[in-house]
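Protein chains: 2
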Amino acid sequence: MSTQRILILGGDGYLGWPTAMALSQAGHRVAVVDNFAKRQWELELGIQPLFPIPTLHERVRAWQDVTGGEIELRVGDLTDYGFVEALVRDFKPDTIIHYGEQPSAPYSMIDARHAAYTQSNNVIGNLNVIFAIRDASPETHLVKLGTMGEYGTPNIDIEEGFLTVDHNGRSHTFLYPKTPGSMYHLSKVHDSHNIHFACRIWGLRATDLNQGVVYGVETDESGLDPRLATSFHYDEVFGTALNRFCVQAAIGHPLTVYGKGGQTRGYLNIRDTVQCISLAADNPAAPGEMRVFNQFTEQFSVLELAERVRVASKHVGWDAEIEHVDNPRIESEEHYYNARHTKLLDLGLEPRLLSDELIDTMLGKIHAHTDRIDRAALVQNVRWAPRVPELSLA
Amino acid sequence: MSTQRILILGGDGYLGWPTAMALSQAGHRVAVVDNFAKRQWELELGIQPLFPIPTLHERVRAWQDVTGGEIELRVGDLTDYGFVEALVRDFKPDTIIHYGEQPSAPYSMIDARHAAYTQSNNVIGNLNVIFAIRDASPETHLVKLGTMGEYGTPNIDIEEGFLTVDHNGRSHTFLYPKTPGSMYHLSKVHDSHNIHFACRIWGLRATDLNQGVVYGVETDESGLDPRLATSFHYDEVFGTALNRFCVQAAIGHPLTVYGKGGQTRGYLNIRDTVQCISLAADNPAAPGEMRVFNQFTEQFSVLELAERVRVASKHVGWDAEIEHVDNPRIESEEHYYNARHTKLLDLGLEPRLLSDELIDTMLGKIHAHTDRIDRAALVQNVRWAPRVPELSLA
Chain B
701 MSTQRILILG GDGYLGWPTA MALSQAGHRV AVVDNFAKRQ WELELGIQPL FPIPTLHERV
761 RAWQDVTGGE IELRVGDLTD YGFVEALVRD FKPDTIIHYG EQPSAPYSMI DARHAAYTQS
821 NNVIGNLNVI FAIRDASPET HLVKLGTMGE YGTPNIDIEE GFLTVDHNGR SHTFLYPKTP
881 GSMYHLSKVH DSHNIHFACR IWGLRATDLN QGVVYGVETD ESGLDPRLAT SFHYDEVFGT
941 ALNRFCVQAA IGHPLTVYGK GGQTRGYLNI RDTVQCISLA ADNPAAPGEM RVFNQFTEQF
1001 SVLELAERVR VASKHVGWDA EIEHVDNPRI ESEEHYYNAR HTKLLDLGLE PRLLSDELID
1061 TMLGKIHAHT DRIDRAALVQ NVRWAPRVPE LSLA
Chain D
701 MSTQRILILG GDGYLGWPTA MALSQAGHRV AVVDNFAKRQ WELELGIQPL FPIPTLHERV
761 RAWQDVTGGE IELRVGDLTD YGFVEALVRD FKPDTIIHYG EQPSAPYSMI DARHAAYTQS
821 NNVIGNLNVI FAIRDASPET HLVKLGTMGE YGTPNIDIEE GFLTVDHNGR SHTFLYPKTP
881 GSMYHLSKVH DSHNIHFACR IWGLRATDLN QGVVYGVETD ESGLDPRLAT SFHYDEVFGT
941 ALNRFCVQAA IGHPLTVYGK GGQTRGYLNI RDTVQCISLA ADNPAAPGEM RVFNQFTEQF
1001 SVLELAERVR VASKHVGWDA EIEHVDNPRI ESEEHYYNAR HTKLLDLGLE PRLLSDELID
1061 TMLGKIHAHT DRIDRAALVQ NVRWAPRVPE LSLA
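Line by line, the protein sequences give chains B and D. Going from the first sequence to my numbering is simple: count from 1 and add 700. Going from the second sequence to my numbering is simple: count from 1 and add 700.
Next up, chain B with everything else stripped away, as it sits in the complex:
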């Protein structure tokens, strides 16, 4: 694959930083961009990632110390169009990888202001990116992180981005209709519509990745040095399901499954996220093409996931229990779920499947940091419907 100029938006994050390291290691010229909003949200909620995370300035220096590779750093806010246009005009990226959004459904559901912040931050940031590409670097390939949660749980198969509908003797292929489950997921649906427009009307090239729930504590590069660790969250606002279960197991806390745990979703290893992004960058969309990949490797119900962690915990001598708690979300706990995910496999993705070994690795790495685990962060305080309306719902 040829060497590219790659801009990574949200380069200080759980996935952004490991992606930056992997692409730098692969020989690309990489710049990371962040406004450190996530570190503000941590302060707001009183939470911390499991591993101590140096500043991004320090991480970039550590990367050079450890590997000799250079990752450039730009600090700024994507909702500031002047910043974004200058960035794209100066760096002229072959590929922009856009992780730079507020990524938590519970955070978006705290109240009206957090919902508005999430949608405004995500939608306007992404709009600025597509306008900057149009006006300053139209050949740039946008690789945008969406989520499988955009689809919701329709009663038919979930296709990869598009759906051909036969109706009254005629046929049309639509962007797959979405029924998302939170203000955050809605923001990603809005982004997808805006990107679709940019491809249709301006001829931009984009890959929209509907990513599943990511788990894992490290990648090849993050394991090279403690200063290169990624920002792993286990709390109820930013932690993802499997990551939280592993942390709960490590401190003898019951694995808290929302409701019956029948909610089925797609999952993938953080190492596969990095692999998928590389594949998307190496195989760009054509001008005018909006390509959609469903980016996950396996489907599990939440209860199956907890069960896997329970069994793996037994192997390392821990006695994890599963506890069913009230579901703070409003979602179907029993539903049809069959989502296609072949396009990344066709490009060469070699999944690292969830296995007891993997869980063992995670459990070991997490166990080494149990002194940093804050039990208070495991309590879910955000409710999807904080006040019960004074009306009876069917």
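Mixed in with the good hints there might be a few duds.
A few chain D residues that face chain B, going by a derived Cβ cut-off under 10 angstroms, partial list only [to be verified]:
| hint | residue |
| --- | --- |
| 1 | 754 |
| 2 | 868 |
| 3 | 877 |
I should point out that these hints are in silico values taken from the structure, not numbers from a laboratory. In this text, a Cβ means the ideal position worked out from N, Cα and C, and glycines have one as well.
Position chain D against the provided structure of chain B, taking the given hints into account.
The following block gives chain D in isolation, referenced to the frame of chain B:
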């Protein structure tokens, strides 16, 4: 119909003010809300409505002078959650009629900043409204103005809001998938998704009106007194197709049809807008229901519309010519278009169809104000793709 407390957001606008008068006349307690953003956009673009429009404070007083009816006035910005929640908590509306958005596709396409403003203003304003209903007045029925332009021009029939899809032996009913044609239209698609969520998750009651292109210069109430006129725009940014053609005819300007004029859309009389809103308010959606009406009465191609104006102009002795100009928009000029619109008819809508008489009325009323027509405002300067990307598009 019983008397309601009705809040009209965007009450200073082309449709908001006539709606307020009609509902006040019908005996409802009406309050109008505006932040006068539209008057700022007029200053920005150097345009004016055809009829002189007093301040909203003066219009409300004129309404009382002329009819004895009281319309309350609240000034504030819907993107300010504190304002919106206090408004909804204090007024406790039975119905909120939400016209309070940036309504122009060309305005939204001026550049990145106007696109971001349009989406931020519209999406966050609407989000604040649904959160305020949830938290302060959950029984309130939201009547939200969307647009037929949200659908785009799919190759299958356009249904009223929802589409049942059979796929691989299973079936699911989706919100009808949308393929909108501007940053403005996208903002309304985002609104629809957010409202759908509010109905599904919080049990809100909402009616989303996918309105066609509105034409007309007056309603029963606006004709009562010159001070009650509505804010009629004929310029290329805020004027709608038929309104612009009539103004062009009145000053002997060619009727400028974009491209071939094959673009087919749904149209309705401003009097029917007012009638539709009344019907929606009188027949509220159920708790948890998101009801979608396609609000238009007739379909025409742009060329047919221009032709009707040409013929009507002949009746009053004017010699209007049709001129095909470059289409500043990027849209299909020949396409399938068949949009269902029966739900408002089922509720009792009695359409006032476009007729030569109607055009005559419009032409007469407009002719009386030709001295206020600014020819410079008829030139379309906004381009859907202002810079041609340096790549060849298929």
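(message) Could you work out which of the previously given hints the structure breaks and list their numbers from low to high?
(response) 1
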